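Same order as they appear, the protein sequences are chains A, F and E.
Heads up: take any position in the first sequence, counting from 1, add 476, and you land on my numbering.
Heads up: take any position in the second sequence, counting from 1, add 86, and you land on my numbering.
Heads up: take any position in the third sequence, counting from 1, add 32, and you land on my numbering.
Calculated directly from the structure, the hints in this document are not laboratory data.
Only a predicted model underlies this, so the values are computations on that prediction, with no experimental measurement involved.
Check the hints yourself; a few may be wrong.
[Claimed, not checked] Heads up, incomplete: computed chain A residues facing chain E, CB under 7 Å, no partners named:
1) M493
2) K494
3) D504
[Unchecked claim] DSSO-like mimics (lysine-lysine), calculated; alpha carbons at most 27 Å apart, straight line:
4) A:K559 x A:K545
5) A:K656 x A:K559
6) F:K152 x F:K134
7) E:K411 x A:K545
8) E:K419 x E:K381
9) A:K589 x E:K411
10) E:K411 x F:K178
11) E:K139 x E:K164
12) A:K545 x E:K139
13) F:K231 x F:K161
14) F:K231 x F:K178
15) A:K545 x A:K607
16) E:K481 x A:K545
17) E:K111 x E:K312
18) A:K726 x E:K111
19) A:K494 x A:K589
20) E:K139 x E:K312
21) A:K545 x A:K589
[Unchecked claim] Covered by chain A, according to a simulated footprint, are these stretches of chain E (three or more residues, beta-carbon under 8 Å):
22) 44-53
23) 149-162
24) 197-209
25) 270-277
26) 294-304
27) 473-483
For every residue, glycine included, the Cβ atom is placed at its ideal position computed from N, Cα and C.
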Amino acid sequence: MTTQPTRAIRGRAPNTMKVGLFIPCYIDLIYPEVGIATLQLLERFGLDVGFPLNQTCCGQPMSNSGDEKNAAAAEHLFIENFKGYDCIVGPAGSCVKQVRCHYDRLEQTEEVKHVRQHTYELVEFLHDVLKVESFPWAEFPHSVAIHNSCSSLRGLRIASTSEIMEAPFDKTLTLLSKVKDIVVVPVDRPDDCCGFGGTFCVTDEAVSARMGIEKAHDHVRHGAEYVVSPDMSCLMHQQGIARRAGLDLKYIHVAQVLNGGPY
Amino acid sequence: MEMSNSNRETILRSIRANLPSTGVQHPGIRDFGRPAGALKAMFEQRLKEAGGAAHDVGSVAEAASKLRLLHPDAKVICSAVPEIAGTRRVEKVRDPHELADVDVGVVRAQFGVAESGAVWLTQEELVVDALGFLSQHLIVLLDPKQIVPDMHAAYRRVRLAETAFGCFMMGPSATADVEATLVHGAQGARTLNLFFL
Amino acid sequence: MSAPRQVNPAAAAELFIIQDQIHEPMHDRFLWGAMQRRHAEAAAIPEWEELREIASKIKEHTLTHLDHYLEEFEANATKRGAHVHWAVDATDHNQIVYSILQGHSVKELIKSKSMLQEECQMTPFLEHRGIKVIESDLGERIQQLDDQPPSHIVFPAIHKTRQDVAQLFARTIGTDPNNDDPHFLTEVMRNNARPRFLAAGAGMTGGNFAIAETGTFMVCTNEGNADIGAAVPPLHIASMGIEKMIPRVEDMGVFLRLLARSAEGAPLTQYSSHYTGPRKGGELHIVLVDNGRSRRLGMPDFWHSLKCIRCGACMNTCPVYRRSGGLAYGATYSGPIGVILDPTFDEFKYSELPFHSSLCGSCSEVCPVKIDISDQILKWRRVMAEKGYLPLAKRLSFAVAGHVFAHPAEYQLVEKAAEPAMSYAPHFLMYNHTLNPWIRDRELPRPAKQSFREWYLANRSEHGNVQQ
Numbered sequence: 477m478t479t480q481p482t483r484a485i486r487g488r489a490p491n492t493m494k495v496g497l498f499i500p501c502y503i504d505l506i507y508p509e510v511g512i513a514t515l516q517l518l519e520r521f522g523l524d525v526g527f528p529l530n531q532t533c534c535g536q537p538m539s540n541s542g543d544e545k546n547a548a549a550a551e552h553l554f555i556e557n558f559k560g561y562d563c564i565v566g567p568a569g570s571c572v573k574q575v576r577c578h579y580d581r582l583e584q585t586e587e588v589k590h591v592r593q594h595t596y597e598l599v600e601f602l603h604d605v606l607k608v609e610s611f612p613w614a615e616f617p618h619s620v621a622i623h624n625s626c627s628s629l630r631g632l633r634i635a636s637t638s639e640i641m642e643a644p645f646d647k648t649l650t651l652l653s654k655v656k657d658i659v660v661v662p663v664d665r666p667d668d669c670c671g672f673g674g675t676f677c678v679t680d681e682a683v684s685a686r687m688g689i690e691k692a693h694d695h696v697r698h699g700a701e702y703v704v705s706p707d708m709s710c711l712m713h714q715q716g717i718a719r720r721a722g723l724d725l726k727y728i729h730v731a732q733v734l735n736g737g738p739y
Numbered sequence: 087m088e089m090s091n092s093n094r095e096t097i098l099r100s101i102r103a104n105l106p107s108t109g110v111q112h113p114g115i116r117d118f119g120r121p122a123g124a125l126k127a128m129f130e131q132r133l134k135e136a137g138g139a140a141h142d143v144g145s146v147a148e149a150a151s152k153l154r155l156l157h158p159d160a161k162v163i164c165s166a167v168p169e170i171a172g173t174r175r176v177e178k179v180r181d182p183h184e185l186a187d188v189d190v191g192v193v194r195a196q197f198g199v200a201e202s203g204a205v206w207l208t209q210e211e212l213v214v215d216a217l218g219f220l221s222q223h224l225i226v227l228l229d230p231k232q233i234v235p236d237m238h239a240a241y242r243r244v245r246l247a248e249t250a251f252g253c254f255m256m257g258p259s260a261t262a263d264v265e266a267t268l269v270h271g272a273q274g275a276r277t278l279n280l281f282f283l
Numbered sequence: 033m034s035a036p037r038q039v040n041p042a043a044a045a046e047l048f049i050i051q052d053q054i055h056e057p058m059h060d061r062f063l064w065g066a067m068q069r070r071h072a073e074a075a076a077i078p079e080w081e082e083l084r085e086i087a088s089k090i091k092e093h094t095l096t097h098l099d100h101y102l103e104e105f106e107a108n109a110t111k112r113g114a115h116v117h118w119a120v121d122a123t124d125h126n127q128i129v130y131s132i133l134q135g136h137s138v139k140e141l142i143k144s145k146s147m148l149q150e151e152c153q154m155t156p157f158l159e160h161r162g163i164k165v166i167e168s169d170l171g172e173r174i175q176q177l178d179d180q181p182p183s184h185i186v187f188p189a190i191h192k193t194r195q196d197v198a199q200l201f202a203r204t205i206g207t208d209p210n211n212d213d214p215h216f217l218t219e220v221m222r223n224n225a226r227p228r229f230l231a232a233g234a235g236m237t238g239g240n241f242a243i244a245e246t247g248t249f250m251v252c253t254n255e256g257n258a259d260i261g262a263a264v265p266p267l268h269i270a271s272m273g274i275e276k277m278i279p280r281v282e283d284m285g286v287f288l289r290l291l292a293r294s295a296e297g298a299p300l301t302q303y304s305s306h307y308t309g310p311r312k313g314g315e316l317h318i319v320l321v322d323n324g325r326s327r328r329l330g331m332p333d334f335w336h337s338l339k340c341i342r343c344g345a346c347m348n349t350c351p352v353y354r355r356s357g358g359l360a361y362g363a364t365y366s367g368p369i370g371v372i373l374d375p376t377f378d379e380f381k382y383s384e385l386p387f388h389s390s391l392c393g394s395c396s397e398v399c400p401v402k403i404d405i406s407d408q409i410l411k412w413r414r415v416m417a418e419k420g421y422l423p424l425a426k427r428l429s430f431a432v433a434g435h436v437f438a439h440p441a442e443y444q445l446v447e448k449a450a451e452p453a454m455s456y457a458p459h460f461l462m463y464n465h466t467l468n469p470w471i472r473d474r475e476l477p478r479p480a481k482q483s484f485r486e487w488y489l490a491n492r493s494e495h496g497n498v499q500q
């Protein structure tokens with residue numbers, strides 16, 4: 477294990493923290509390897525990671541449709557499940573954004589405030605809290621296009637965006653570039669939405685599909701073999717589109733690359 | 087108008103009833119600081135990008151001959167400046183419609199803005215506002231020492247309360263309404279040539 | 033199913049996309065290009081983000097003192113010889129303009145671009161009463177000839193190819209249908225409009241900004257058509273929304289540095305004109321219009337939309353707008369700003385608009401006055417959900433989902449059932465385009481044989497990390 481400077485949370489050094497693992501529903505059901513990779517990766521840094529078995533959903537699908545009533549129960553359950561942890565880590569930017577930014581609709585009890593302030597998306601956690609310098613167990617000799625979701629970009633600011641005039645940075649790139657033999661390719665429209673947007677992808681299907689196929693073509697144009705993202709929900713949509721269009725692109729989560737599997 | 091007065095009261099009343107509870111203070115505008123040098127060069131470059139052209143002109147005579155070179159077929163040259171006689175003096179124009187046949191309008195700008203390549207033209211310089219817009223082509227005279235760095239400086243110089251019309255004119259008329267293809271000479275001047283004089 | 037009066041932007045967008053392989057890709061490409069130019073211009077100004085913040089705060093200050101600044105503007109404009117009118121709503125506005133024109137026996141009016149006048153449906157009102165109204169802006173004229181509203185507030189005909197325009201001009205003006213060179217088409221418009229400027233009894237403009245300190249209003253164009261309209265006919269009428277007010281001359285520096293860079297990636301429009309009182313020998317009327325703006329001021333979640341300076345950057349950056357075209361929104365204002373404004377005009381008619389967004393958030397980041405557009409879109413979704421405007425299918429599915437997600441035992445049951453269900457579900461159900469829109473353009477994801485939860489229980493629970 478590498479010893480690295482880390483940020484204390486609540487006055488506790490990371491290797492004494494209790495970390496709650498948040499696994500969104502679609503990862504649980506469709507992409508369990510992402511959850512496994514996340515857990516294994518966090519454990520490699522000596523963290524004490526727990527997985528509350530009663531977790532269900534962050535409430536985003538309902539909340540994003542304006543359905544606050546039906547979102548509220550799921551949101552309360554999330555707080556209940558995770559309030560006992562020093563911090564919560566989830567391999568999903570849009571879900572983490574939901575907790576940090578949109579749980580402002582709940583009554584702001586001490587528990588709610590604690591959970592909101594200490595829920596991290598995986599890339600953020602590795603980059604900002606653990607300040608990981610290397611991933612010696614990982615190698616990925618492939619060309620890779622990075623896809624940062626809109627939630628991660630504009631909600632959590634894991635990378636700079638073309639709209640805001642600031643010094644460029646990309647935490648996903650910073651982490652991935654530490655992986656042996658990886659080749660990260662540039663893309664034409666790195667922060668143009670891929671068209672997933674949650675329920676948008678079915679309620680506005682034609683527009684969503686156009687956005688998705690453009691994204692896939694961008695990746696193909698730049699010779700990417702893999703598309704890597706901290707957000708599997710976007711990739712689920714892009715993968716569906718690419719497969720239907722017969723494009724030879726593979727989609728995996730950043731946790732899988734940084735952990736060295738499972739694929 | 088009586089209707090308008092009661093409308094006025096209705097609207098003001100409605101605004102007052104709906105004003106957000108917390109007023110926001112004016113933030114003030116700080117001085118962003120501007121390098122003083124190279125204003126003329128910046129101005130020329132931006133004017134070029136806007137579709138205009140700048141010319142260094144040594145004398146009034148040179149200006150007159152340059153005008154003839156640029157517009158050899160011009161029949162009606164309407165001038166608002168003493169330096170160029172033209173074929174028609176704008177001071178003689180009573181009605182803007184009389185300017186419909188002007189090939190070249192000649193005016194002097196008060197100052198230019200380096201950040202954009204725009205010049206400031208008012209009713210006083212134009213004499214008849216339409217001269218700036220009905221002329222097929224424009225020649226603009228500008229003292230090269232009268233170039234300010236940016237719009238903040240420009241707004242410190244203008245005297246809006248003292249003129250009915252003032253325009254930051256940046257190059258010739260343009261449009262990109264058809265397939266986003268830039269075309270010059272949409273409705274106003276087809277070309278704008280600026281003489282540093 | 034939506035009631036007939038409801039606008040269905042998703043369906044309209046689909047029509048825009050599927051019409052051919054030309055229109056939508058072109059539309060997307062042009063507006064993406066405008067954004068790239070915007071980024072380049074903004075990057076050249078070190079204080080860009082600070083300018084946005086200042087502009088936002090100036091607007092918030094003005095709006096929270098709007099009555100004061102309107103009165104100051106009126107006093108100063110009147111002092112300089114302008115006639116100032118107040119219009120409570122669209123009908124008022126149209127009536128005031130009509131009586132001014134009537135009072136001057138005007139038969140033909142030439143106008144420059146104004147979203148407000150479009151909002152008030154002024155042109156049909158006047159034409160109904162025997163006054164000919166001609167749009168002088170090329171894009172607006174194209175749309176007027178085609179009997180369509182503008183599709184973009186800065187580039188009104190950006191959804192049309194040059195062939196479309198050539199065909200249209202051939203049909204309506206009698207030019208060569210095969211000459212689609214934009215230079216030719218622009219020249220056609222120039223020669224068509226000039227005689228109208230010279231014949232018109234009045235010129236009408238909108239107003240981009242109004243400066244309270246001096247009673248000045250500003251009009252920004254690239255063509256100079258607003259200036260011709262103001263400089264040639266003896267009568268100039270300008271109408272603008274009350275939210276266009278700015279306190280001081282000095283403030284304009286901030287807004288002008290932001291406006292054209294945001295709209296089209298140029299440092300300014302070709303013409304930025306300031307009108308303070310009537311020109312020599314002319315007459316000037318200014319109409320200040322409310323039409324719901326004061327009511328919007330009283331909406332805590334939505335009043336920031338009044339800061340809008342109508343640059344159109346939100347439309348250019350919006351991935352949904354670029355692929356839908358502005359006409360898909362069925363309203364005067366389209367794109368992200370349209371999504372948050374239009375429900376204030378008709379909540380039911382525009383109840384689907386807030387869902388015509390992927391909530392990517394790009395609009396909020398390009399807005400020069402920092403309107404929280406994306407957040408307001410989400411807030412409108414809440415309004416629509418509370419009012420029961422959500423489409424029935426969505427309401428039912430989210431009630432079920434909400435219940436399931438609130439009850440872990442049921443969730444786990446559904447999870448266990450889902451995998452086998454998807455493997456054995458009748459093919460037609462899964463692949464039916466109507467029942468499962470996902471499938472029209474995408475392959476379905478397959479649930480894993482073993483969920484993460486099952487893996488965790490099998491591989492980790494003996495470590496005592498399990499919370500029951």
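Comparing the hints with the structure gives:
1. With 7 Å as the threshold, the beta carbon of M493 (chain A) stays out of range of chain E, its nearest partner Cβ sitting at about 13 Å, so the hint is violated.
2. Because the beta carbon of K494 (chain A) sits about 9 Å from the nearest beta carbon in chain E, more than 7 Å, this interface hint is broken.
3. The closest approach between the C-beta of D504 (chain A) and any C-beta of chain E is roughly 5 Å, which is under the 7 Å cut-off, so the hint is satisfied.
4. The straight-line distance between the Cα atoms of K559 (chain A) and K545 (chain A) is roughly 21 Å, inside the 27 Å bound, and the hint therefore holds.
5. Restraint check for K656 (chain A) and K559 (chain A): not satisfied, since their Cα atoms lie roughly 37 Å apart, outside the 27 Å limit.
6. This hinted pair checks out: K152 (chain F) and K134 (chain F) have alpha carbons roughly 18 Å apart, not beyond 27 Å.
7. Straight-line distance between C-alpha atoms of K411 (chain E) and K545 (chain A) comes to about 14 Å, which keeps the hinted pair within the 27 Å bound.
8. This hinted pair checks out: K419 (chain E) and K381 (chain E) have alpha carbons roughly 13 Å apart, not beyond 27 Å.
9. The suggested pairing of K589 (chain A) with K411 (chain E) holds, with an alpha-carbon distance near 22 Å, which does not exceed 27 Å.
10. Taking the CA atoms of K411 (chain E) and K178 (chain F), the gap is near 61 Å; set against the 27 Å cutoff, the hint is violated.
11. For a cut-off of 27 Å, the pair hint linking K139 (chain E) to K164 (chain E) stands: about 6 Å separates their Cα positions.
12. Pair hint K545 (chain A) plus K139 (chain E) does not hold up; C-alpha atoms about 57 Å apart against a cutoff of 27 Å.
13. Taken as a hint, the K231 (chain F) and K161 (chain F) pair is broken in the structure, with Cα atoms around 32 Å apart against an allowance of 27 Å.
14. Proposed proximity of K231 (chain F) and K178 (chain F) is contradicted: the alpha carbons are some 30 Å apart, above 27 Å.
15. The suggested pairing of K545 (chain A) with K607 (chain A) is violated, with an alpha-carbon distance near 39 Å, which exceeds 27 Å.
16. Between the alpha carbons of K481 (chain E) and K545 (chain A) the distance comes to roughly 33 Å, so the proposed pair goes past 27 Å and is violated.
17. Taking the CA atoms of K111 (chain E) and K312 (chain E), the gap is about 15 Å. The hint holds against a cut of 27 Å.
18. Taken as a hint, the K726 (chain A) and K111 (chain E) pair is broken in the structure, with Cα atoms around 70 Å apart against an allowance of 27 Å.
19. About 17 Å separates the Cα atoms of K494 (chain A) and K589 (chain A), which keeps this hinted pair within 27 Å; it holds.
20. The straight-line distance between the Cα atoms of K139 (chain E) and K312 (chain E) is roughly 23 Å, inside the 27 Å bound, and the hint therefore holds.
21. For the suggested pair K545 (chain A) and K589 (chain A), the alpha carbons sit about 20 Å apart, so the restraint of at most 27 Å is met.
22. With 4 residues carrying a beta carbon less than 8 Å from a beta carbon of chain A, the region 44-53 of chain E meets the three-residue requirement, and the given coverage holds.
23. With 0 residues bearing a CB less than 8 Å from a CB of chain A, the region 149-162 of chain E misses the requirement of three and the coverage assertion fails.
24. With a cut-off of 8 Å between beta carbons, the region 197-209 of chain E has 0 residues touching chain A; three or more are needed, and the interface restraint is violated.
25. By the rule of at least three residues with a Cβ nearer than 8 Å to a Cβ of chain A, the coverage given for the region 270-277 of chain E is violated, with 0 such residues.
26. Only residues whose beta carbon comes within less than 8 Å of a beta carbon in chain A count, and the region 294-304 of chain E has 0; fewer than three means the coverage is violated.
27. Only residues whose C-beta sits within less than 8 Å of a C-beta in chain A count toward coverage, and the region 473-483 of chain E has 10 of them, enough to reach three; the restraint holds.
Checked against the numbered hints above, the structure violates hints 1, 2, 5, 10, 12, 13, 14, 15, 16, 18, 23, 24, 25, 26; every other hint is satisfied.
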